[in-house]
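There are 4 protein chains.
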Amino acid sequence: MVTELQAQVSAVVLSEFNAPLKIESTSLPEPGPGAVVARVDLAGVCGTDVHLHHGHLPIPLPIVLGHEGVGRIWHLGPGVHTDFSGNPLREGDAIAWSSNIPCGNCYWCVIAGERTLCETRKVYGVNQRFDEFPRLSGAWSEAIYLQPGSALFRLPDDLPAEHVIALGCAGPTAVHGVIDVAGIAVGDTVVVQGSGPVGMASAMYAHLAGASQVILVGGPSGRLLLAREIGVGDVHIDIFEIPEAEERVRLVLDATPGRRGADVVLECAGVPAAVVEGWEMTRRGGTFLALGQYTDRGAVPLNPHLITRKQLRIVGSWGFAEKHYLGHIEALPRLSARFDLPRLITRYRPEDADKALADMASGRVMKPVLAMSAVSGADVPN
Amino acid sequence: MVTELQAQVSAVVLSEFNAPLKIESTSLPEPGPGAVVARVDLAGVCGTDVHLHHGHLPIPLPIVLGHEGVGRIWHLGPGVHTDFSGNPLREGDAIAWSSNIPCGNCYWCVIAGERTLCETRKVYGVNQRFDEFPRLSGAWSEAIYLQPGSALFRLPDDLPAEHVIALGCAGPTAVHGVIDVAGIAVGDTVVVQGSGPVGMASAMYAHLAGASQVILVGGPSGRLLLAREIGVGDVHIDIFEIPEAEERVRLVLDATPGRRGADVVLECAGVPAAVVEGWEMTRRGGTFLALGQYTDRGAVPLNPHLITRKQLRIVGSWGFAEKHYLGHIEALPRLSARFDLPRLITRYRPEDADKALADMASGRVMKPVLAMSAVSGADVPN
Amino acid sequence: MVTELQAQVSAVVLSEFNAPLKIESTSLPEPGPGAVVARVDLAGVCGTDVHLHHGHLPIPLPIVLGHEGVGRIWHLGPGVHTDFSGNPLREGDAIAWSSNIPCGNCYWCVIAGERTLCETRKVYGVNQRFDEFPRLSGAWSEAIYLQPGSALFRLPDDLPAEHVIALGCAGPTAVHGVIDVAGIAVGDTVVVQGSGPVGMASAMYAHLAGASQVILVGGPSGRLLLAREIGVGDVHIDIFEIPEAEERVRLVLDATPGRRGADVVLECAGVPAAVVEGWEMTRRGGTFLALGQYTDRGAVPLNPHLITRKQLRIVGSWGFAEKHYLGHIEALPRLSARFDLPRLITRYRPEDADKALADMASGRVMKPVLAMSAVSGADVPN
Amino acid sequence: MVTELQAQVSAVVLSEFNAPLKIESTSLPEPGPGAVVARVDLAGVCGTDVHLHHGHLPIPLPIVLGHEGVGRIWHLGPGVHTDFSGNPLREGDAIAWSSNIPCGNCYWCVIAGERTLCETRKVYGVNQRFDEFPRLSGAWSEAIYLQPGSALFRLPDDLPAEHVIALGCAGPTAVHGVIDVAGIAVGDTVVVQGSGPVGMASAMYAHLAGASQVILVGGPSGRLLLAREIGVGDVHIDIFEIPEAEERVRLVLDATPGRRGADVVLECAGVPAAVVEGWEMTRRGGTFLALGQYTDRGAVPLNPHLITRKQLRIVGSWGFAEKHYLGHIEALPRLSARFDLPRLITRYRPEDADKALADMASGRVMKPVLAMSAVSGADVPN
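First to last, the sequence lines map onto chains C, F, H and D. Position 366, counted from 1, in the first sequence is what the numbering used here calls 366; the numbers after and before it change by one each time, with no gaps. Position 254, counted from 1, in the second sequence is what the numbering used here calls 254; the numbers after and before it change by one each time, with no gaps. Position 32, counted from 1, in the third sequence is what the numbering used here calls 32; the numbers after and before it change by one each time, with no gaps. Position 120, counted from 1, in the fourth sequence is what the numbering used here calls 120; the numbers after and before it change by one each time, with no gaps.
With the rest of the complex left out, here is chain C (with noise of 0.2 Å):
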């Protein structure tokens, strides 16, 4: 064991913005108490992943890019016997992990028991430097090192790391946004605005949910053909084909039960005038979920005078805490049985990081995710 952990490991790092993405080698550290060095095999391209790239948030230089993972148990540190759910772990464990640590400290830890509002968490991937000590905290990355505190997750062993990687953080954020905050019951007719990754994430679980009827208003035809294809949505609205708001609108009318509207509206779009079109298509009583909304766009004209009259619940949701991780984590074996999840990903090799990147800006594949561990001649338990 001790040959592995002086071995060298390469990481995909970002060191300039707009700029290519290199492959960086440094050595493996031991872990310390209560952290895990892990092995990625998988990681996934998000699209805040291109924005990081651009510049857009205010991330420190240089940084091991990569929120999402999926690989298996290189190192326990001290400590260390169980995941957070109770489950005894060992060395060559395949394991998930959350990409976020809150502070458990904070009014919003302790208090409001909303850990997503941790103003001071820690997100592997995100803003954890490549320069300081642990250096490997982000998942396009050979081998990641779980901090003390994080919260990962063994998985079962019939589970592959595709279906693991498919739906990336889009999984825990639609268990947060989805089931925690709008919530499906059983029988109810749900629409879903937009049909990238969290679009068909939060199609799933209102699949899984029990919903009586999913329509996923999206677009380009190839999504909704793929969404077709592994069995989410009973309805698909293209948003190309039919461009007018207030037709999408009269189809979704037209699809309940007395042109009532859907029980429930989940935007998973983006784009502001979704929520606008979203209000029209709930029915009175019911719920719309803004689930889309992560970038400010500014203002759009909006009616309150619906949200008093048709009595609407209208709820937001922001990334998700480690229950939601782990609930996704416990939802995977039954939409992996449901779904053709590898049919989302398309693989790339770490070298190719900066096309990936390319492909999820211009919409041309669903998921990218790098292939990590075929990089490394290096071997774990198991």
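What the hints contain is simulated information worked out from the structure, not anything from laboratory work. Zero decoy hints are in this set.
What follows is a set of in silico ranges between Cβ atoms, one per label pair, in the way DEER data are often shown:
1) Asn-127(H) to Ile-242(C): 49 to 57 Å
2) Pro-243(H) to His-51(D): 35 to 43 Å
3) Gly-79(H) to Gly-79(F): 23 to 31 Å
4) Thr-295(H) to Arg-338(C): 35 to 43 Å
5) Gly-86(F) to Pro-243(D): 26 to 34 Å
6) Pro-243(H) to Arg-347(D): 55 to 63 Å
Straight-line distance between alpha carbons at most 27 Å, and here's what the computed DSS-like set of lysine-lysine pairs gives:
7) Lys-122(H) to Lys-22(H)
8) Lys-355(F) to Lys-22(F)
9) Lys-310(H) to Lys-310(D)
10) Lys-310(D) to Lys-122(H)
11) Lys-122(D) to Lys-310(H)
Idealized CB from N, CA, C, for every residue including glycine.
Keeping the supplied structure of chain C fixed, place chains F, H and D upon it in accordance with the hints.
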């Protein structure tokens, strides 16, 4: 008893929009099975009555206005032995009644359990004709014919009629919106936008529900002074003194722990711009209630990014159902012990109903009340 | 149409407790305003019917039994154009209906919004006489007269009657208890105590709501085998093989993450001792639903310290209201696609109703169903 | 300041179970990073302290008892600038603190969000040794060392220490159970079983949350008289005067509208039989909270049929977390304005701690309080 039922009673009748109201006389009908004929003691004048008088809503003419009333049972129809809460009823008992009678048989009444959304509900003083049996279907009358299915409630003996009428329909409207939909937890910091009847009632209910701090944002100064005098609100922000929304937001943040904003913001202003301001005043993870957006004044620029980032919960509430009316009746002894409710009202004689409407429209008074029983020489048991 | 309405129809009538049922003939009434006359295709036999036959409950005689049915519209009464969900109705449409008609006018119906608690509700097949108009008020008949206010629902065209009747009243009962009262979140570990109709329906709904693991505790082995074959339950514990409650509790703890116990325990066994066992199986902070304690079998030693220390949430659910019945209808296409529902039923001819009751009583069959339309030579539109 | 920090402080130390407490002296430590050293002004004596003194719970010896305290900041450790609610802290500020410090890193703290269930939490005055650094970890001391992560809160300047200590840990316990878990809606009829500190606090919170009627069932008569005098409870039922449970149930039903029973029953009696009685007092569809069953006194015959038939919601609540402690602090000014809180307390000198324990055990006093600062000659800023 027979003699009284043969008696003629007077009612304030609207026969032509924007024209003066007239007092007309009609005979008192005998209540059929399940119905109750009640003497009206005090009848409220509401902002909606001003709109009705102007013909802003499609109502039938002629009509006896008045959807707020308190009085005594004159004659119980066959089969009526208790009120909706199970209290025994006798002639002479003081009662109040919900203005709304949902159909009880539609999707909203039976399936959704949202009787406020019933599309065919009858409303005393709003959609019941004067020229059809039973004619007396508004509270601006010496007597009202309460149809079978009316939610009427016996009042505690020691609760004066002035206290019952003081909040008018704003009382049950606040129970629905503030207590049932938004919810106030003991210890909450609450902002109330608006100091008209709905704002006053909502602020009182926020106090009653145990809010630690109630910040009343309204005006003009006379209304805030009245609020202060009767103990409504802990902090008062006068929108005429502080005309800049940004400054008002700053003051609210300053008044809340950690400058996080209010746990709950209750919009009772009716102006779309108040919603923009209210979202800013709400803390992350907090609740915003749109209670005042009854009239469709069109869209206003709102930033949906706030919903996602702040994880807001935005809810709307429309009118009230029988259970909210009962909730208000049950809360009245506590409200009455705590606030000098009669301070809100200004009495008018029925023949001055036009003046009452004009004073309501101008905001010169908080709550005009018509003293109906003074007109009548008739007597009731007790 | 007139001819059919003059036709005689046969019904299975209970005239004397514990005596054989008789098939009697009566003329088909024409539906009055708001009513519907339906042909019954399949009628369910429920454990309650066994109790009714034995006179364990105070019901009127003679009576047409049968509170579970599925059929087609024979004749629409004046004014009936849509079902309770707003779907248009035509003669010949396949329909099902809720057995319960709450009064719609009492404290429970109007104020509490708990129509299941209405004390004067009518129940088809339970408290409607055969010797009074409209006589045909039970489902064990070729036709049923659905009174005004009945919650009837149009069925999807491609949903066979066998699938609709398979869960009988256990379906909406599970919607009420499992979905509406207890609540299952995606990812939950769920224990179901009991493998009779209510246990099977509850376990199916737990699956449908996204439970990660469903542990079915029941017996005898034939029922668990059937459950396994149709995919109900992930873990099966046979109470005859494992007669010690402590051992069953141990097995449940072993099967749950961190041996914490189940997130939700659904008691569908009907035996008071199951409650004692179920509290032990529930994790700290978890939910226990008492769904099976319909009969008063008296007290059992329970330790209230567990409620406080484990912070349990213990809830009860009684019968169902119209909204739960609709919930079941809305969920049926999903249940039907997932589970081989007809495997649950055993068909009987109406003249074998006594045998159906006997087989239900002995537990020899899961769900006896009377094939009513086979008796009839009458035809309906479509 | 240095001089004070070198000062010796006295503490009441338990070195042997059932033996007299001793006052011992130790030097005042300087607070490390994140820690705070506070002067204790008043420290509460709780029923649990009686149990601890008798050795009924496995606690380490020697120990400074006292999990309830109020005092002033003596010295802020490096890095401590605000309390957990974001209020700035200065030396000399009046503060109170939660006795519990959950680990912040386990399934219950991070995933379940139920910090009350943390199995390794530290508790001041209960599981912190006197013979280890920092020694001063109980409130029965002139000073307490508040470790990093302690939830301490600045108190309003005009809130006397007597008001803060009066409810002791029963205050936050009631916030958890009554407000957070059971929930009281404005207008509810509430029964409180038990008139000890938890019952008094729960009844006060029921009032504060807007209950229309609070029925206090307790004794002996002195406690009910005190309750009446300070305005706690609207109806008082003395269990010594009315020793029959059935009769008490009848009185409660008589006092509730329609004899339906109470909307919410709060069990604060600690006797298993109270649960049997409480279920009978709860209306159909109502809530029963088991708040007092802290000690395992074994099983009691309970009828689970009631849970199903009455559709009860039965919940338990154990201790409190930081958010409930803050909730109590936020509510205190309202409680203090409404109830004469100091009436509950009886002052003792630290050297009379044994007598305080004895008086608590005998029920002779409601709330013994040790006046700690009187012992000390040391001074604090302000």
